[in-house]
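Engineer: Sequence:
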Amino acid sequence: MLSVYILFACSCFALHISTGIGDTTAIQLLKDSETMLSPNATYKLGFFSPPNNTNRYLGISFNKVSPTFFVWVANRNNPLEDSSGALRISVNGSLEIVDGKNDTFWSLNLSSPAPNASRNIQLSDSGNLLLVELDKSGNTTTIWQSFDYPTDALLPDMNITVRNTTATRLHAWKGPSDPSEGRFSLGIDSIMNPQLVLWDGNQRHYRSGPWNGNLFLGMIYSDPTNNYADTSIQKNGAQGEATLVYTGISQLSFSHYYFSYDGILSEIYWDSGKRSWQTVYKAPDDQCDFYGRCGEFGICNSGKSPICQCLRGFVPKNTREWKAGNWSSGCVRRTPLQCGTQVGKPDGFLVLKAVKLPDLEMWLQGINPNDCRTMCLNNCSCLAYAYDQGTGCMYWSNTLIDTQQFTTSGIDVNLRLAHSELGKKSNLKAIVAAAVIVGAGLIIAVVILWIWFNRWKVKQASKKNILEHLKHRDHKTQRKLEELPLIDFKDLAVATDNFHDNQMLGQGGFGQVYKGKLGDGREIAVKRLSAASLQGVEEFMNEVVVISRLQHKNLVSLIGFCVEGEEKLLVYEYMPNKSLSEFLFDSTKRELLDWQKRFNIIEGICRGLIYLHRDSRLRIIHRDLKASNILLDEQLNPKIADFGMARIFGHGQDKDETRRVVGTYGYMAPEYAMDGHFSEKSDVYSFGVLLLEILTAKKNNAFWYEEESLTLLGYVWKLWAEGDVGSIIDPVISDPLYKKEIDRSIQVGLLCVQENVNDRPSMSTVISMFSSDIADLPHPKEPGYNKRHMFMDSTSSQLHQISGENISITDISGR
Numbered sequence: 003m004l005s006v007y008i009l010f011a012c013s014c015f016a017l018h019i020s021t022g023i024g025d026t027t028a029i030q031l032l033k034d035s036e037t038m039l040s041p042n043a044t045y046k047l048g049f050f051s052p053p054n055n056t057n058r059y060l061g062i063s064f065n066k067v068s069p070t071f072f073v074w075v076a077n078r079n080n081p082l083e084d085s086s087g088a089l090r091i092s093v094n095g096s097l098e099i100v101d102g103k104n105d106t107f108w109s110l111n112l113s114s115p116a117p118n119a120s121r122n123i124q125l126s127d128s129g130n131l132l133l134v135e136l137d138k139s140g141n142t143t144t145i146w147q148s149f150d151y152p153t154d155a156l157l158p159d160m161n162i163t164v165r166n167t168t169a170t171r172l173h174a175w176k177g178p179s180d181p182s183e184g185r186f187s188l189g190i191d192s193i194m195n196p197q198l199v200l201w202d203g204n205q206r207h208y209r210s211g212p213w214n215g216n217l218f219l220g221m222i223y224s225d226p227t228n229n230y231a232d233t234s235i236q237k238n239g240a241q242g243e244a245t246l247v248y249t250g251i252s253q254l255s256f257s258h259y260y261f262s263y264d265g266i267l268s269e270i271y272w273d274s275g276k277r278s279w280q281t282v283y284k285a286p287d288d289q290c291d292f293y294g295r296c297g298e299f300g301i302c303n304s305g306k307s308p309i310c311q312c313l314r315g316f317v318p319k320n321t322r323e324w325k326a327g328n329w330s331s332g333c334v335r336r337t338p339l340q341c342g343t344q345v346g347k348p349d350g351f352l353v354l355k356a357v358k359l360p361d362l363e364m365w366l367q368g369i370n371p372n373d374c375r376t377m378c379l380n381n382c383s384c385l386a387y388a389y390d391q392g393t394g395c396m397y398w399s400n401t402l403i404d405t406q407q408f409t410t411s412g413i414d415v416n417l418r419l420a421h422s423e424l425g426k427k428s429n430l431k432a433i434v435a436a437a438v439i440v441g442a443g444l445i446i447a448v449v450i451l452w453i454w455f456n457r458w459k460v461k462q463a464s465k466k467n468i469l470e471h472l473k474h475r476d477h478k479t480q481r482k483l484e485e486l487p488l489i490d491f492k493d494l495a496v497a498t499d500n501f502h503d504n505q506m507l508g509q510g511g512f513g514q515v516y517k518g519k520l521g522d523g524r525e526i527a528v529k530r531l532s533a534a535s536l537q538g539v540e541e542f543m544n545e546v547v548v549i550s551r552l553q554h555k556n557l558v559s560l561i562g563f564c565v566e567g568e569e570k571l572l573v574y575e576y577m578p579n580k581s582l583s584e585f586l587f588d589s590t591k592r593e594l595l596d597w598q599k600r601f602n603i604i605e606g607i608c609r610g611l612i613y614l615h616r617d618s619r620l621r622i623i624h625r626d627l628k629a630s631n632i633l634l635d636e637q638l639n640p641k642i643a644d645f646g647m648a649r650i651f652g653h654g655q656d657k658d659e660t661r662r663v664v665g666t667y668g669y670m671a672p673e674y675a676m677d678g679h680f681s682e683k684s685d686v687y688s689f690g691v692l693l694l695e696i697l698t699a700k701k702n703n704a705f706w707y708e709e710e711s712l713t714l715l716g717y718v719w720k721l722w723a724e725g726d727v728g729s730i731i732d733p734v735i736s737d738p739l740y741k742k743e744i745d746r747s748i749q750v751g752l753l754c755v756q757e758n759v760n761d762r763p764s765m766s767t768v769i770s771m772f773s774s775d776i777a778d779l780p781h782p783k784e785p786g787y788n789k790r791h792m793f794m795d796s797t798s799s800q801l802h803q804i805s806g807e808n809i810s811i812t813d814i815s816g817r
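Going by the numbering used here, the letters in the sequence shown line up with residues 3 to 817, in that order.
FYI, nobody ran anything at the bench for these hints, they're computed from the structure. Please read these numbers as outputs of a predicted model, since none were measured by experiment. Where is the CB? At the ideal position from N, CA and C, for every residue including glycine. Please note: incorrect hints may appear among the correct ones.
[What the hints assert, rightly or not] Straight-line Cα separation of at most 30 Å, DSS-like style, residue types lysine-lysine; simulated pairs:
{"#": "1", "residue 1": "Lys742", "residue 2": "Lys591"}
{"#": "2", "residue 1": "Lys591", "residue 2": "Lys555"}
{"#": "3", "residue 1": "Lys742", "residue 2": "Lys33"}
{"#": "4", "residue 1": "Lys742", "residue 2": "Lys783"}
{"#": "5", "residue 1": "Lys701", "residue 2": "Lys599"}
{"#": "6", "residue 1": "Lys306", "residue 2": "Lys276"}
{"#": "7", "residue 1": "Lys517", "residue 2": "Lys325"}
{"#": "8", "residue 1": "Lys103", "residue 2": "Lys46"}
{"#": "9", "residue 1": "Lys306", "residue 2": "Lys319"}
{"#": "10", "residue 1": "Lys580", "residue 2": "Lys517"}
{"#": "11", "residue 1": "Lys66", "residue 2": "Lys284"}
{"#": "12", "residue 1": "Lys555", "residue 2": "Lys742"}
{"#": "13", "residue 1": "Lys741", "residue 2": "Lys580"}
{"#": "14", "residue 1": "Lys591", "residue 2": "Lys517"}
{"#": "15", "residue 1": "Lys325", "residue 2": "Lys555"}
{"#": "16", "residue 1": "Lys66", "residue 2": "Lys276"}
[Claimed, not checked] Each pair of labels, with its calculated beta carbon distance range:
{"#": "17", "residue 1": "Asn372", "residue 2": "Pro41", "range": "23 to 31 Å"}
{"#": "18", "residue 1": "Asn111", "residue 2": "Val317", "range": "40 to 48 Å"}
{"#": "19", "residue 1": "Lys519", "residue 2": "Pro780", "range": "48 to 56 Å"}
{"#": "20", "residue 1": "Asp503", "residue 2": "Pro780", "range": "20 to 28 Å"}
{"#": "21", "residue 1": "Asn381", "residue 2": "Asp490", "range": "45 to 53 Å"}
Please build the complete structure, drawing on both the sequences and the hints.
Structural biologist: Here it is as structure tokens:
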């Protein structure tokens, strides 16, 4: 059992000094307008309101980082409705939160009440809030500590414990603006075989695999040799409990585990150079991480399509559902086991290499690997066994569920199968029958082989073409591309009904996009480049290279690609609501985009760009951000698409220049369109244009204020300077309830489109501006391209004729 060490004399700060044992009234410690800092000012205690929420909560946050990050909330399920709240010590010595009417909104259930004058609170440098009691000699005893009651974060020296009757759990927020306990929780599920488990309600959502004394056997570690000393499990059989102990990563600032409202557990730290949070590990991080994805006796491999397969010797329980991509019913055994009968050859074991151990294992201590095998073979209920040096012998007797194929890490599992399923020649009759079948099918096989060989030559030619364009790429990029399916053209033709017009989702200068359905039931979007496309092979391969190495919920996913002859096709996940421009600039569909949905879209685009610019392994400048390149899923969540014009930056590189200016008029930053200089701030400018379009529902390219020849940017800036910006806001969102947020968003958009590169904020600063972490926004300067004649003169006199949103320029030379 972990002991939590608190340094009082030099590392804790007492806000209240007791005034005497005889006090009989409650003592106020902290009013809503006040804050309390830990001795080294790392943590802060105070009242706060989450974004888009006026309720008040008492919480502990990091003090030296922005945006503010709360690691503990007291009254998360019972917020105050105004700022009259206060933290105090009650008459009986308990800690409580009350409002101006003296109503209690949160308090401690203490087993040993005492006069309040002998107690006070301390906030330690580890972020632990303590209620302490001082005796007459000045000695301090901890009565209660917040570390015993975590909310949604796990700080160094904090525990998660499971006991015979109780268990500590982290509970994620209900939403980004609602700290109350949400649907997801995190804890340890067992004392004997402890593992981390994420629950969605009462259902398992993700599990780490069992702890073997050194690491969790179901996690993929980037460096298994470091022993992962930041996390351990300590068992206490005498007390019937197991405790997860997190000590943090000493060389990283503010490292901790954070459990987000959408059920994602992340180990993060603060990068002071980038001024942003960086992720060390997160889960679920893969579509196979979700619990029981492939059902009983199924195995999940995200590198294959479809991702679910039945284990060898098993077949789908419901073939129709399985083919349709619903694998929840799992698989059943094809050939019964021999165990318990005297007929036939004995069962054997098939080794499943490097897998995540199935759930619900049982352990046998003190036996060697050979005895483990013998035990399983002699036990008719044993379905599989595995042996690990740290845990010993493990076996499964009821089912195998949540099995995942790993490429690194993992444990070998020995699956019990009937002898005939092990791939051995069982008898002479089988050999003769196989020979007859092979002989009878020889001619057919030759014909099939000839067809296959011709198709193979076509595919090899395609691969040669691809490799030719990849010869200067790094090995990691080539390896990532090799993992992407190279899909046959004929399969895509079948999926799209031979590229029928009825299947067309849209078209532009690059070609057409079609809706399709693959043989496994997945809906896809197929981007087919036309022969006259402005996007050539280089742009095509650039998009494949870039997007194959990116994974973020606000970036569209690439499923595969096809290069056959003159055909170049990209296969994406299907987005049923098409693009943002389909909604934003349509008088009917626009009604569906209320302010909350629009803000969600804005925030999602921000996070996607932050990932591209700062958080991914690569640094990507998109260079063609616009409304038609923002796709919307079923819930209208945004995903950035079309990376054909994207540019990868090297380590330490902040800007670049080109003589080949690409992108879309109206979204290109001035320094890029005129001089070919681009950087992250080029994307910031494009985002600013897009943001103002979202707020006004007007296209920048199509807008022209005749009186002063102003562009949309210039007109919005003019109205903002005059204090009349409300007149151009889209009436659909023009609600007094959201006026403050919308006005702030307009100002952020104008800051993004300033002409001078250095005046524009970074995307990480933009997200802080939206969350009000930066209280006073700078005054925006006049935007670039604020007048229509300036916009035309910067490129050509014909510009207004070709400035439609869907026209991407790919060959204009910068000065």
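Engineer: For each hint, tell me whether it holds in the structure or not.
Structural biologist: Status of each hint after checking the structure:
Using a Cα cut-off of 30 Å, the hinted pair Lys742 and Lys591 holds, with the two alpha carbons roughly 25 Å apart. Taken as a hint, the Lys591 and Lys555 pair is honoured in the structure, with Cα atoms around 24 Å apart against an allowance of 30 Å. With a C-alpha separation of about 26 Å, the suggested pair Lys742 and Lys33 falls inside the 30 Å cut-off, and the hint holds. For the suggested pair Lys742 and Lys783, the alpha carbons sit about 21 Å apart, so the restraint of at most 30 Å is met.
Simply put, Lys701 and Lys599 have alpha-carbon atoms about 19 Å apart, close enough for the 30 Å limit, and the pair holds. Of the pairs offered as hints, the one joining Lys306 and Lys276 is violated, with about 36 Å between alpha carbons and a cut-off of 30 Å exceeded. At roughly 19 Å between alpha-carbon atoms, Lys517 and Lys325 fall within 30 Å of each other, so this suggested pair holds. The hinted pair formed by Lys103 and Lys46 meets the criterion: a straight-line CA distance of about 26 Å does not exceed 30 Å.
With a C-alpha separation of about 20 Å, the suggested pair Lys306 and Lys319 falls inside the 30 Å cut-off, and the hint holds. In summary, the hint linking Lys580 to Lys517 is supported, as the alpha carbons are separated by about 10 Å, within the 30 Å threshold. Simply put, Lys66 and Lys284 have alpha-carbon atoms about 24 Å apart, close enough for the 30 Å limit, and the pair holds. Straight-line distance between C-alpha atoms of Lys555 and Lys742 comes to about 28 Å, which keeps the hinted pair within the 30 Å bound.
At roughly 29 Å between alpha-carbon atoms, Lys741 and Lys580 fall within 30 Å of each other, so this suggested pair holds. Restraint check: the Cα-Cα separation between Lys591 and Lys517 comes to about 21 Å, which is no more than 30 Å; the hinted pair holds. In summary, the hint linking Lys325 to Lys555 is supported, as the alpha carbons are separated by about 26 Å, within the 30 Å threshold. At roughly 14 Å between alpha-carbon atoms, Lys66 and Lys276 fall within 30 Å of each other, so this suggested pair holds.
Roughly 58 Å separates the CB atoms of Asn372 and Pro41, a value that falls outside the hinted 23 to 31 Å. In this structure the supplied range 40 to 48 Å is violated for Asn111 paired with Val317, their Cβ-Cβ distance being about 55 Å. Our hint of 48 to 56 Å for Lys519 and Pro780 holds, since their Cβ atoms are close to 50 Å apart. Taking 20 to 28 Å as the suggested C-beta distance range, the pair Asp503 and Pro780 does not conform, at roughly 50 Å.
Restraint check, Asn381 to Asp490: a C-beta distance of roughly 47 Å satisfies the suggested window 45 to 53 Å.
When the structure is compared with the earlier hints, violations turn up for hints 6, 17, 18, 20 and for no others.
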